[in-house]
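Number of protein chains: 2
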Amino acid sequence: MREDFIQSLNEELGADVLFGADIPARFRNDWAGLEPVTPLALVRPRTTEQISATLRLCDRFKISVVPQGGLTGLAGGARPIEGGVALSLDRMNGIDEIDPVMATMTVQAGTPLGVIQRAAEEAGLFFGLDLGARDSCVIGGNLSTNAGGNRVIRFGMAREHVLGLEVVLPDGTIVRSLNKMLKNNAGYDLKQLFIGSEGTLGIITRAVLRLQAKPAALASALCGCSGFPAMLELLKSARLRMGSALIAFEVMWPSFYDFMTGNLPELRRALSEPHGIYVLIEAGGRDADENRTMLEHILSDALEEGWVSDAVLSSSEREARELWAVRDSVSEYGRLMGPQTAFDVGLPTSVAGSVVSEIEAAMKNRWPDAIALSYGHIGDSNLHFVCNIPSLGKSQPHKEITELVFTAVGRAGGTISAEHGIGLLKKPYLKLSRTPEELALMERIKRAIDPNNILNTGKVLTI
Amino acid sequence: MREDFIQSLNEELGADVLFGADIPARFRNDWAGLEPVTPLALVRPRTTEQISATLRLCDRFKISVVPQGGLTGLAGGARPIEGGVALSLDRMNGIDEIDPVMATMTVQAGTPLGVIQRAAEEAGLFFGLDLGARDSCVIGGNLSTNAGGNRVIRFGMAREHVLGLEVVLPDGTIVRSLNKMLKNNAGYDLKQLFIGSEGTLGIITRAVLRLQAKPAALASALCGCSGFPAMLELLKSARLRMGSALIAFEVMWPSFYDFMTGNLPELRRALSEPHGIYVLIEAGGRDADENRTMLEHILSDALEEGWVSDAVLSSSEREARELWAVRDSVSEYGRLMGPQTAFDVGLPTSVAGSVVSEIEAAMKNRWPDAIALSYGHIGDSNLHFVCNIPSLGKSQPHKEITELVFTAVGRAGGTISAEHGIGLLKKPYLKLSRTPEELALMERIKRAIDPNNILNTGKVLTI
Numbered sequence: 001m002r003e004d005f006i007q008s009l010n011e012e013l014g015a016d017v018l019f020g021a022d023i024p025a026r027f028r029n030d031w032a033g034l035e036p037v038t039p040l041a042l043v044r045p046r047t048t049e050q051i052s053a054t055l056r057l058c059d060r061f062k063i064s065v066v067p068q069g070g071l072t073g074l075a076g077g078a079r080p081i082e083g084g085v086a087l088s089l090d091r092m093n094g095i096d097e098i099d100p101v102m103a104t105m106t107v108q109a110g111t112p113l114g115v116i117q118r119a120a121e122e123a124g125l126f127f128g129l130d131l132g133a134r135d136s137c138v139i140g141g142n143l144s145t146n147a148g149g150n151r152v153i154r155f156g157m158a159r160e161h162v163l164g165l166e167v168v169l170p171d172g173t174i175v176r177s178l179n180k181m182l183k184n185n186a187g188y189d190l191k192q193l194f195i196g197s198e199g200t201l202g203i204i205t206r207a208v209l210r211l212q213a214k215p216a217a218l219a220s221a222l223c224g225c226s227g228f229p230a231m232l233e234l235l236k237s238a239r240l241r242m243g244s245a246l247i248a249f250e251v252m253w254p255s256f257y258d259f260m261t262g263n264l265p266e267l268r269r270a271l272s273e274p275h276g277i278y279v280l281i282e283a284g285g286r287d288a289d290e291n292r293t294m295l296e297h298i299l300s301d302a303l304e305e306g307w308v309s310d311a312v313l314s315s316s317e318r319e320a321r322e323l324w325a326v327r328d329s330v331s332e333y334g335r336l337m338g339p340q341t342a343f344d345v346g347l348p349t350s351v352a353g354s355v356v357s358e359i360e361a362a363m364k365n366r367w368p369d370a371i372a373l374s375y376g377h378i379g380d381s382n383l384h385f386v387c388n389i390p391s392l393g394k395s396q397p398h399k400e401i402t403e404l405v406f407t408a409v410g411r412a413g414g415t416i417s418a419e420h421g422i423g424l425l426k427k428p429y430l431k432l433s434r435t436p437e438e439l440a441l442m443e444r445i446k447r448a449i450d451p452n453n454i455l456n457t458g459k460v461l462t463i
Numbered sequence: 001m002r003e004d005f006i007q008s009l010n011e012e013l014g015a016d017v018l019f020g021a022d023i024p025a026r027f028r029n030d031w032a033g034l035e036p037v038t039p040l041a042l043v044r045p046r047t048t049e050q051i052s053a054t055l056r057l058c059d060r061f062k063i064s065v066v067p068q069g070g071l072t073g074l075a076g077g078a079r080p081i082e083g084g085v086a087l088s089l090d091r092m093n094g095i096d097e098i099d100p101v102m103a104t105m106t107v108q109a110g111t112p113l114g115v116i117q118r119a120a121e122e123a124g125l126f127f128g129l130d131l132g133a134r135d136s137c138v139i140g141g142n143l144s145t146n147a148g149g150n151r152v153i154r155f156g157m158a159r160e161h162v163l164g165l166e167v168v169l170p171d172g173t174i175v176r177s178l179n180k181m182l183k184n185n186a187g188y189d190l191k192q193l194f195i196g197s198e199g200t201l202g203i204i205t206r207a208v209l210r211l212q213a214k215p216a217a218l219a220s221a222l223c224g225c226s227g228f229p230a231m232l233e234l235l236k237s238a239r240l241r242m243g244s245a246l247i248a249f250e251v252m253w254p255s256f257y258d259f260m261t262g263n264l265p266e267l268r269r270a271l272s273e274p275h276g277i278y279v280l281i282e283a284g285g286r287d288a289d290e291n292r293t294m295l296e297h298i299l300s301d302a303l304e305e306g307w308v309s310d311a312v313l314s315s316s317e318r319e320a321r322e323l324w325a326v327r328d329s330v331s332e333y334g335r336l337m338g339p340q341t342a343f344d345v346g347l348p349t350s351v352a353g354s355v356v357s358e359i360e361a362a363m364k365n366r367w368p369d370a371i372a373l374s375y376g377h378i379g380d381s382n383l384h385f386v387c388n389i390p391s392l393g394k395s396q397p398h399k400e401i402t403e404l405v406f407t408a409v410g411r412a413g414g415t416i417s418a419e420h421g422i423g424l425l426k427k428p429y430l431k432l433s434r435t436p437e438e439l440a441l442m443e444r445i446k447r448a449i450d451p452n453n454i455l456n457t458g459k460v461l462t463i
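In order, the protein sequence lines correspond to chains S and U.
Here UniProt numbering is used: the first residue of the first sequence is 1, the next is one more, and so on.
Here UniProt numbering is used: the first residue of the second sequence is 1, the next is one more, and so on.
Everything labelled a hint here was simulated from the structure, so no lab data went into it.
Treat the hints with caution; some may be incorrect.
Copies of the same chain are indistinguishable here, so a pair counts whether it falls within one copy or spans any two.
[Unchecked claim] Capping the alpha-carbon separation at 20 Å, the derived lysine to aspartate or glutamate pairs in EDC-like fashion look like this: (1) K427 to E438; (2) K62 to E35; (3) K236 to E122; (4) K214 to E290; (5) K236 to D310; (6) K394 to D99; (7) K399 to E121; (8) K427 to D189; (9) K236 to E296; (10) K236 to D99; (11) K364 to D258; (12) K236 to E305; (13) K394 to E97.
Only a predicted model underlies this, so the values are computations on that prediction, with no experimental measurement involved.
Looking at chain S on its own, in the form it has when it is part of the complex (with noise of 0.2 Å):
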């Protein structure tokens, strides 16, 4: 069976194929930090016609595929299976299309995110999504995983940036719906199908891209607030008062915030005194006066009422990137903590900060010497937890840790995944999120288009 198989598979993709020890090391896991996975083939296709006829042939035979993209993934989600068929859609990458009447872009799966971000400038028009990893991570990845990043709170989730995909299910029917029209209601939409199911249902192999217009000018501002209740505050004011030009309100708690500044000496701290809570707001309006003028209002009026304390407006770009530059330092965790265990949870705003409290001082009660980081887009209810337990050297207990996150998020009626996806990380925790009907309804889905569960089996659902 397995020979026929590796023999059909040869026959098939020919040069596109490698097998076992000849597969390179980076497609052996993905971001997630788990221990690699040597498949028993790695398939590069460079047309959705090839991706046929390696899913028909997967599924006659029922070996497990893996859709692979940047590998930036941070759940597992494309880390290979052993004995499966790791498909890698690095070799569809490309833009097929600018359309400027429209403004839309058609690109294959395998494109990056940066790519399609300088590719939408040129042409005078604005891509709404983007996370750090833009130049790693491929536009594929991203809507299968529905993902987020900063600008959410304006711009909406990697689904609000599609109108049309190509997607192949797992018994190789190719499904076209390169749909550009911003309104198209004959019948199901089958591209949300696609769209956040981590590659458990279709592998989309193109998408039709929204464009948007280019906010003119970004400006930003540094606010230290005396706590959660009065963050909260600036927070329905900037919402209220800067409606589409709230681009970005970006929450650091002081643990997050002290931790950094402390240990990276060329991060500066804008603002003299310590803070209960610190936040990020970015304004794109029109133009560069109407970001000031709209960020002054709101501060003025913010510090009269007592919701801030303190804050610094950016006059400048590189006045606005040296106040990001606390918040953009995520990427030196590594270096600073060593092993970690990491988060991305949601939670309803107005419980947001009693939770935080809530899981800080649990970690410094179960280990004393913890560090626990908590900051994220407070704007779309997201936060982020980064923890370590310096006395525990490399054996971090992170399944008690987890546990402990988990369900404090999901005694608030909050989410084990905001942004990351669950992949095979979260997979034991999703029944903390959902009900067992909504699980049911999901696994019901699955057995419909994968009947054979051959697509990206055992991740996310446990079927």
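Take the given structure of chain S and dock chain U to it, following the hints.
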């Protein structure tokens, strides 16, 4: 069997069920203009649990169920089925909660859109979905049909306003996903299945809606352009320069504009000369001055470039309403035209101009006295045609007109339904806008979720 079902339904629903001749006339049809149908029973539940009990029973007895909202649909989706149950959501009417921190509103499915809009404004916020039937339609219907309207270019279709849903599946299972968070990637995004599937997969009973900051002021301009290509340049310029302040970009062909102003003497022609095409632009900036300045700059440049031949800019709300009066006079069709054949199609914007010319010419060619009015939301690629052949009186050739229009739309890569949905009326033509692979996938999903095919049986899909 039938008697057993009736008895069980009476036992479960008691006072909330009516049979046959007792059913009021308004529940026997929607606005699509088809022949009324008297169903076996009308159920008007007050709770999600009653809906669950009804569906469980209907699934057991294999009785079709047609969910009904405000009955304003134009595709026959809410018309009852003979021998089936009509399930009206009209008693599930009410706002459960407004959350000012999350900027969300949780509503029951039978709540009228207008009530939701006004409640949002009273809370200092704004609900971005708007359509003509706002005080007759209800949110459950808006979501089931993924309604569009005038402001899609800025705020998106109904789908983009939803954060969470409560849904009852055909077997009576209640799926509660009343999520309020902007980011939630914990497994499949199940709500997407039920939005836009026209009540064929589940009955939406509650929704968490996303609210926005209210545009501080609105201003409008009416422009006359030499023709379609000039108008496209104006669209590109407005989109780039207005960004999120572009609230509406509506187009009226002379066929529509001249017919309306010619037949309704109360409508003032705000532009003195005739033009090749008319455009309404609505601006929603941060204040009235900004709107005026923004529109003035865009229009003066467009006049200079020759994209616009003449334009009027509103300087008060009253003037803005006057500019919109021609576009808003569509409710007068019935009186002015008699029986019509009406269309809601989507067309790739760059070819929309030639398709409209083709359709208007083909109509005149086939029926020399044909009236064919063209107008629409061109910023969303959405056009409406309304046709009447005066010499044929009450026996309009609906089928022949439909085939003429849909064939042209299908050939141009358009969609036979941009915002009204498929229902019964457009079902025979769905294959013009969808590939066999897309249709097969829709059917597979329908079978998986509604194996006994009881929910809105025979609507949308041919199974």
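Between the shortest in-copy and the shortest cross-copy C-alpha distance, which are at most 20 Å for K236 and D310: within, between, both, or neither?
within (18 Å within a copy, 42 Å between copies)
When Cα atoms must be at most 20 Å apart, do K399 and E121 count as within-copy, between-copy, both, or neither?
neither (43 Å within a copy, 46 Å between copies)
Up to 20 Å CA-CA - D99 versus K394, copy category
neither (51 Å within a copy, 44 Å between copies)
My question is about K394 and E97: at a cut-off of 20 Å on alpha-carbon distance, are they close within one copy, between copies, both, or neither?
Neither way: K394 and E97 sit 48 Å apart in one copy and 48 Å across, limit 20 Å.
Alpha-carbon proximity context of K62 and E35, limit 20 Å
neither (24 Å within a copy, 51 Å between copies)
Copy assignment of K214 with E290, given that the CA separation must stay at most 20 Å
both (15 Å within a copy, 18 Å between copies)
Between copies, within a copy, both or neither: which fits K236 and E296 at Cα up to 20 Å?
For K236 and E296, the Cα distance is within 20 Å only inside one copy (16 Å; across copies 32 Å).
Within a copy, between copies, both or neither: where do K427 and E438 come within 20 Å Cα-Cα?
Within one copy only: 14 Å inside a chain, 30 Å across chains, cut-off 20 Å.
At most 20 Å between C-alpha atoms: does K236 with E122 qualify within a copy, between copies, both, or neither?
Classified as between: cross-chain Cα gap 15 Å, same-chain 35 Å, threshold 20 Å.
Go through the copies and call it for K427 and D189: within, between, both or neither, with a Cα cutoff of 20 Å.
between (27 Å within a copy, 15 Å between copies)
Is the C-alpha distance from K236 to E305 at most 20 Å within one copy, between copies, in both cases, or in neither?
within (13 Å within a copy, 42 Å between copies)
Treating 20 Å as the Cα threshold, decide for K236 and D99: within, between, both or neither.
between (37 Å within a copy, 11 Å between copies)
In summary, the structure is inconsistent with hints 2, 6, 7 and 13 from the numbered list given earlier, while agreeing with the others.
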